[in-house]
Amino acid sequence: MRPGGAPPGPSVLSAPLSGQLPSRAKRPGEAMARTLFDKIWDAHVVERLEDGTALLYIDRHLVHEVTSPQAFEGLRAAGRPVRRPDATIAVVDHNIATDGSRRTGIEDPESRLQVETLEKNVAAFGVPYIPLLDDRQGIVHVIGPELGLSLPGMTIVCGDSHTSTHGALGALAFGIGTSEVEHVLATQTVLQKPAKNMRVTVNGRLPAGCTSKDITLAVIGKIGTAGGTGHVIEYAGEAIRALDMAGRMTLCNMSIEAGARAGMVAPDETTFAYVHGRPHAPKGEAWDRALAWWKSLPSDADAVFDKEVVLDAAEIIPQVTWGTSPEDVLPITGVVPNPADAADEARRAQLQRMVEYMGLTPGQKLTELKVDVVFIGSCTNSRIEDIRAAAAIAQGRQVAPGVRAMVVPGSGLVKKQAEAEGLDQVLVAAGFEWREAGCSMCLGMNPDKLKPGQRSASTSNRNFEGRQGPGGRTHLCSPAMAAAAAIKGHLADVREFVA
Amino acid sequence: MKAFTTLTGVAAPLPMANVDTDKIIAARFLKTIERTGLGKNLFHAMRFNEDGSENPDFVLNQAPYRQAEILIAHENFGCGSSREHAPWALLDFGIRCVIAPDFADIFHNNSFKNGILPIRLPRAVCDALMDDARLGGNARITIDLERQVVVRPSGEEIPFEVDAFRKHCLLNGLDDIGQTLQHEPAIDDYEAKRRAAAPWLFA
Ligand code: SF4
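So the sequence lines, in the order shown, correspond to chains Z and X.
Position one of the first sequence corresponds to residue 1 (our numbering), numbered consecutively onward.
Position one of the second sequence corresponds to residue 1 (our numbering), numbered consecutively onward.
These are calculated hints, taken from the structure and not from any lab test.
Any given hint could be a false lead.
What the hints assert, rightly or not - Looking from chain X toward chain Z, a few residues come up when the C-beta cut is under 8 angstroms (computed):
1) G9
2) R47
3) V59
4) A63
5) H74
6) E84
7) A104
8) K113
9) W200
Note that CB positions come from ideal geometry on N, CA and C, so glycine has one too.
Based on the sequences and whatever the hints tell you, model everything.
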């Protein structure tokens with residue numbers, strides 16, 4: 001590692017290619033202060049089309065079984081190869097069971113067909129693939145950073161909206177649809193208009209019991225689910241700098257719930273320490289060159305953001321959603337809102353629908369809501385740090401009678417690590433189920449589902465109607481809060497446990 | 001992709017904000033490897049009762065709107081996941097145009113790539129169009145993409161904005177990939193420079 005010396009040559013990457021202007025330059029030749037997003041964007045523009053759309057080069061393409069079959073089918077029909085199999089990686093995560101049955105084959109015929117189709121496609125097109133029974137298998141947004149496939153300064157795409165997760169490394173990472181998956185497979189580029197820049201600054205320090213999940217829910221509560229539309233959010237400030245990489249990933253993961261195209265955190269020493277030594281991270285001289293470039297990426301001090309939001313971390317109280325949109329979130333000390341208090345008719349109807357769907361009574365304390373299921377997992381919160389947080393609450397305690405509590409590690413490697421640390425023992429002794437890696441109950445498309453009317457405390461990212469299974473009622477919260485709910489049998493204030 | 005030039009049809013009013021992609025097509029219906037056949041599960045939770053029978057209160061189950069080709073909704077339409085199954089389901093049902101005050105980014109993008117035109121109009125205009133749509137089967141709305149106007153049943157024309165490149169692709173039914181491959185020399189060139197400057201990305 002180069003000890004903080006002046007970055008040598010590779011700054012060519014951060015300069016725009018010849019004949020192109022930085023995305024927001026006012027006059028040709030004028031050097032303009034740029035944001036982290038601007039710098040990565042500028043370094044990846046292959047060509048700018050007349051109407052401002054850019055052909056943007058993609059460094060890493062992650063592929064999973066649900067959004068890729070139609071893309072490969074399109075390539076086959078047009079006789080097109082995959083342009084850069086070496087920049088592509090495929091894995092299965094959405095469809096698969098997490099109960100250990102994977103060793104004997106996938107039971108559900110439709111799920112099996114999607115997995116088999118992916119296996120056929122990666123073989124036919126020469127795309128690297130992590131098979132279901134490999135230790136490295138896991139949720140695509142967990143394994144990318146974990147294996148060093150996702151790196152600072154990269155452009156990263158995947159046919160999945162939570163690709164925003166990888167922005168935690170200081171990368172530009174965003175979700176694309178299946179037509180775009182096909183486009184990237186064929187051309188290694190996407191057609192995109194530059195996003196606007198938004199900065200969310202979180203000052204101060206998080207109180208005990210609060211995590212990055214509480215920051216992200218508080219931000220969404222403040223700006224709403226369309227608050228970031230058209231923007232890329234850069235998270236900054238003391239509270240963000242203090243987060244470990246897992247915390248930053250949680251934050252960037254849910255940027256999409258704030259409507260943003262992507263979320264990012266500028267790379268710093270925490271980032272570099274995380275990336276160093278990962279299987280696919282650069283090594284030796286390549287590491288030094290990469291590091292020098294990465295260090296040039298943080299936003300210039302005088303860069304201008306189109307939108308600024310500022311929060312004080314010290315004021316955050318553990319958050320939990322009560323409704324069916326991530327913006328309908330409250331501190332755990334809150335009560336169910338009364339639709340009659342809504343500002344207008346449309347909002348009143350919306351609140352009424354949510355209260356009914358969620359089976360709530362206006363004015364009811366959130367801590368009175370009994371849970372049937374607790375789900376700790378998903379690309380938002382299934383990393384080793386999340387499992388440690390849940391185990392810390394579970395240690396020496398018991399899951400309340402009648403509650404089904406499950407912990408689903410984000411990857412086979414997370415699972416192994418947790419087992420090496422004895423966390424599985426702690427959780428199982430407390431009455432939690434210890435499962436195999438996958439998306440699991442984050443979305444109702446594999447065997448892990450809520451039954452109609454069941455209420456869950458979940459560490460995932462979406463509480464839409466039916467998201468965890470038809471009729472299921474989801475309350476989003478942090479892993480520590482979810483574990484606390486499992487112990488108490490109702491939504492609970494984790495601060496009672498950490499006092 | 002089917003070209004989109006003009007469209008005259010029945011518009012269905014869906015006065016809801018934050019119509020998310022799970023509402024449009026729930027995750028359990030994504031286990032397909034085809035692009036077609038998703039229309040039968042469009043808006044499943046709202047469209048059908050628990051026993052599988054149709055919910056008569058849902059707009060697409062009412063006589064004229066079964067043939068709807070235009071959908072009018074409130075803010076933040078298509079929020080949630082990146083699943084292209086959402087526009088595929090709309091298209092398979094017969095919807096070619098969605099009008100709303102604003103759209104989630106990925107849904108907006110995905111729509112164009114499947115020959116669906118998403119039109120952004122102010123909330124008050126959407127509400128006025130929703131009133132037109134409530135008149136039922138005889139109140140047809142016309143979308144003229146070439147001239148960029150929505151024509152109300154009264155004949156009044158409402159202009160809308162659309163990105164020039166996307167308009168061109170929609171009008172001609174052009175596939176993005178074919179167009180991008182015309183820029184292949186530029187991609188080769190970029191790749192060569194990038195390989196020299198950042199060899200670790202080509203390991
Ligand atoms: S864990 Fe949930 S949000 Fe994440 S990729 Fe899987 S289904 Fe999507």
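Would the stated hint for A104(X) survive a check requiring a Cβ distance to chain Z of less than 8 angstroms? Nearest chain Z Cβ about 7 angstroms off; hint holds.
Restraint check, 8 angstroms cut-off on beta carbons, for E84(X) near chain Z: Holds - the Cβ of E84(X) comes within 8 angstroms of chain Z, reaching about 4 angstroms at its closest.
For the restraint on K113(X), tell me whether the closest CB of chain Z is nearer than 8 angstroms. K113(X) check passes; min Cβ-Cβ to chain Z is 4 angstroms, inside 8 angstroms.
Return the status of the interface hint for W200(X): holds when the least beta-carbon distance to chain Z is below 8 angstroms, violated otherwise. holds (4 angstroms)
Would the stated hint for A63(X) survive a check requiring a Cβ distance to chain Z of less than 8 angstroms? violated (24 angstroms)
For the restraint on R47(X), tell me whether the closest CB of chain Z is nearer than 8 angstroms. Where the cut-off is 8 angstroms and the nearest Cβ of chain Z is about 13 angstroms from R47(X), the hint is violated.
When the least beta-carbon distance from V59(X) to chain Z is tested against 8 angstroms, hint result: With Cβ-Cβ at 15 angstroms, over 8 angstroms, it is violated.
Holds or violated: the hint that G9(X) contacts chain Z, with Cβ atoms closer than 8 angstroms. violated (24 angstroms)
Is the shortest C-beta separation between H74(X) and chain Z less than 8 angstroms? Hint holds; H74(X) Cβ to chain Z Cβ min 7 angstroms, cut 8 angstroms.
In summary, the numbered hints that this structure violates are 1, 2, 3 and 4.
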